[in-house]
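Engineer: Letter by letter, the chains look like this.
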Amino acid sequence: MKNEWPLWEIFIRGQHGMSHRHVGSLHAPDAEMAIKNARDVYTRRNEGVSIWVVEANNIAASSPSDKGPMYEPSESKVYRHPTFFDIPDEVGAM
Amino acid sequence: MYAQMVKTTGTGVKSRDEMTDQERAFQDKIDADIKIEPKDWMPDDYRATLIRQIGQHAHSEIVGQLPEGNWITRAPTLERKAILLAKVQDEAGHGLYLYCAAETLGISRDEITEMLLDGRMKYSSIFNYPTLNWADIGAIGWLVDGAAIMNQVPLQRTSYGPYSRAMIRICKEESFHQRQGYDAIRKMAEGTPEQRRMAQDALNRFWFPSLMMFGPSDKESVHSAQSMAWKIKINTNDELRQKFVDQTVPQAEYLGLTIPDPDLKWNEERGHYDFSEPDWSEFFDVIKGNGPCNTDRLAARNKAWDDGKWVRDGMLAHARKKRARNLAAE
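Each protein sequence line maps, in turn, to chains D and H. Heads up, the first sequence stops at 139 in our numbering, and the numbers go up one at a time, no gaps. Heads up, the second sequence stops at 548 in our numbering, and the numbers go up one at a time, no gaps.
Don't read these hints as lab results, they were simulated from the structure. Note that CB positions come from ideal geometry on N, CA and C, so glycine has one too. Don't take every hint at face value.
[To be verified] If you only want the chain D side, here are some residues facing chain H, beta carbon under 8 angstroms, derived:
no.: 1; residue: LEU71
no.: 2; residue: HIS72
no.: 3; residue: ASP75
no.: 4; residue: SER108
no.: 5; residue: PRO109
no.: 6; residue: VAL136
[Unchecked claim] Below, a list of computed lysine to aspartate or glutamate pairs in the EDC-like style, where the Cα atoms sit at most 16 angstroms apart:
no.: 7; chain 1: D; residue 1: LYS47; chain 2: H; residue 2: ASP328
no.: 8; chain 1: D; residue 1: LYS47; chain 2: H; residue 2: GLU332
no.: 9; chain 1: H; residue 1: LYS405; chain 2: H; residue 2: GLU471
[To be verified] For each label pair, taking beta carbons as the anchor points, the in silico distance ranges come out as:
no.: 10; chain 1: H; residue 1: LEU296; chain 2: D; residue 2: ILE104; range: 42 to 48 angstroms
no.: 11; chain 1: D; residue 1: ALA106; chain 2: H; residue 2: ASP531; range: 53 to 59 angstroms
no.: 12; chain 1: H; residue 1: ALA546; chain 2: D; residue 2: ALA105; range: 25 to 31 angstroms
no.: 13; chain 1: H; residue 1: GLU500; chain 2: D; residue 2: ILE104; range: 57 to 63 angstroms
no.: 14; chain 1: D; residue 1: ILE132; chain 2: H; residue 2: ALA243; range: 40 to 46 angstroms
no.: 15; chain 1: H; residue 1: ALA518; chain 2: D; residue 2: VAL99; range: 32 to 38 angstroms
no.: 16; chain 1: D; residue 1: ARG66; chain 2: H; residue 2: TRP484; range: 43 to 49 angstroms
no.: 17; chain 1: D; residue 1: ARG90; chain 2: H; residue 2: TRP498; range: 55 to 61 angstroms
no.: 18; chain 1: H; residue 1: SER494; chain 2: D; residue 2: SER64; range: 51 to 57 angstroms
no.: 19; chain 1: D; residue 1: GLU100; chain 2: H; residue 2: TYR472; range: 47 to 53 angstroms
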């Protein structure tokens, strides 16, 4: 059996109330070490105040070939955008 | 450039008529600046060339720690030592970002590491030169990182998403590397006659090897066309080399140091400096493994890998035991 450390995906939350954001990945033997390594690899310049790590093989992803059926339906629903509706000037800001 | 002479395995750039529908759709995406992502279809040669290029780049970051690491314990002040430590740590980080990008193409970390260790993959020729005096550390930051930036800034726009994102992170950190180097060599150039002599000596030894970092002249560079069509190479080697010379000459003048090239002069008509080509036979010799430090560098990487094995295995065994214990407790 190959003794390669598993791959972890790293998510970091920055200073200003943003949500955690994917920043990259790294190898580590377990979650605790993945967090320690993520601190060294991805926060050397105050990039974050919170780290999430997820083992990469636990992430399920949509397939690129499903792009059409997945996202095209939303293109025809222009009424979802506020600019679809004309509001009379007299009404004021809305 | 950290990736020199990356070979493409294909037969050259195909015309649109020669492409399959899939290849044409792929090229259209690249032409429209749409990023290629790991799960998207891509030609086998694109994948293979990228693994080679990103791998070579990653290995360069890692091996590049060795010439600088050589001076950590002998840095002249505590502050210089802390700065150099931070810089070398960044290089490790850059290597890791790039290895992760390469892994998204289907090669494992152990495989790509082993290819460096047994010599199947290369790293930049520049790291096969020794660091003989403290001014070399300044020269490396100023010239070597300066040359790397020339190449890496355009690569932020490269077509492969994970590579592009790694380059964006790297470029954010790279400017610190160049500036600390220039600051260190400037201290020497403005110091005692002996320090000045060391600074000039460092420039003399690192000038031509830095020019070689961009790879052979475009006339010799048979693999450029396909890489440029795929946008995994953005500028030609000669373009980048010229840009580097134009930028660096005034920086040397400010330091009062002389670039070791008697033929270097401003060409009013071209709006660029004319300069001498490096000795390309030396370049090919270093690439083949005959540079002053090739053997040392690979031996150091192999030793680190072998000596670290019990740690890697031990930590994994501990993680497995802990997981089994947690499962049993549930």
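Engineer: It remains to establish, for every hint, whether it holds in the given structure.
Structural biologist: So, going through the hints one by one against the coordinates:
1. LEU71: Result: holds, 6 angstroms to nearest chain H Cβ.
2. HIS72: Hint holds; D/HIS72 Cβ to chain H Cβ min 6 angstroms, cut 8 angstroms.
3. ASP75: holds, 4 angstroms
4. SER108: For D/SER108, the interface hint holds, since the closest Cβ of chain H sits about 7 angstroms away, which is under 8 angstroms.
5. PRO109: holds, 5 angstroms
6. VAL136: Not OK, violated: D/VAL136 not within 8 angstroms of chain H, min 41 angstroms.
7. D/LYS47 - H/ASP328: holds, 9 angstroms
8. D/LYS47 - H/GLU332: holds, 13 angstroms
9. H/LYS405 - H/GLU471: With Cα atoms ~15 angstroms apart, H/LYS405 and H/GLU471 stay inside 16 angstroms; holds.
10. H/LEU296 - D/ILE104: 42 to 48 angstroms: holds, 43 angstroms
11. D/ALA106 - H/ASP531: 53 to 59 angstroms: violated, 31 angstroms
12. H/ALA546 - D/ALA105: 25 to 31 angstroms: holds, 27 angstroms
13. H/GLU500 - D/ILE104: 57 to 63 angstroms: violated, 47 angstroms
14. D/ILE132 - H/ALA243: 40 to 46 angstroms: holds, 42 angstroms
15. H/ALA518 - D/VAL99: 32 to 38 angstroms: holds, 34 angstroms
16. D/ARG66 - H/TRP484: 43 to 49 angstroms: Taking Cβ atoms as reference, D/ARG66 and H/TRP484 lie about 47 angstroms apart, which means the hint holds.
17. D/ARG90 - H/TRP498: 55 to 61 angstroms: Between D/ARG90 and H/TRP498, where Cβ atoms are some 39 angstroms apart, the hint is violated.
18. H/SER494 - D/SER64: 51 to 57 angstroms: holds, 54 angstroms
19. D/GLU100 - H/TYR472: 47 to 53 angstroms: holds, 51 angstroms
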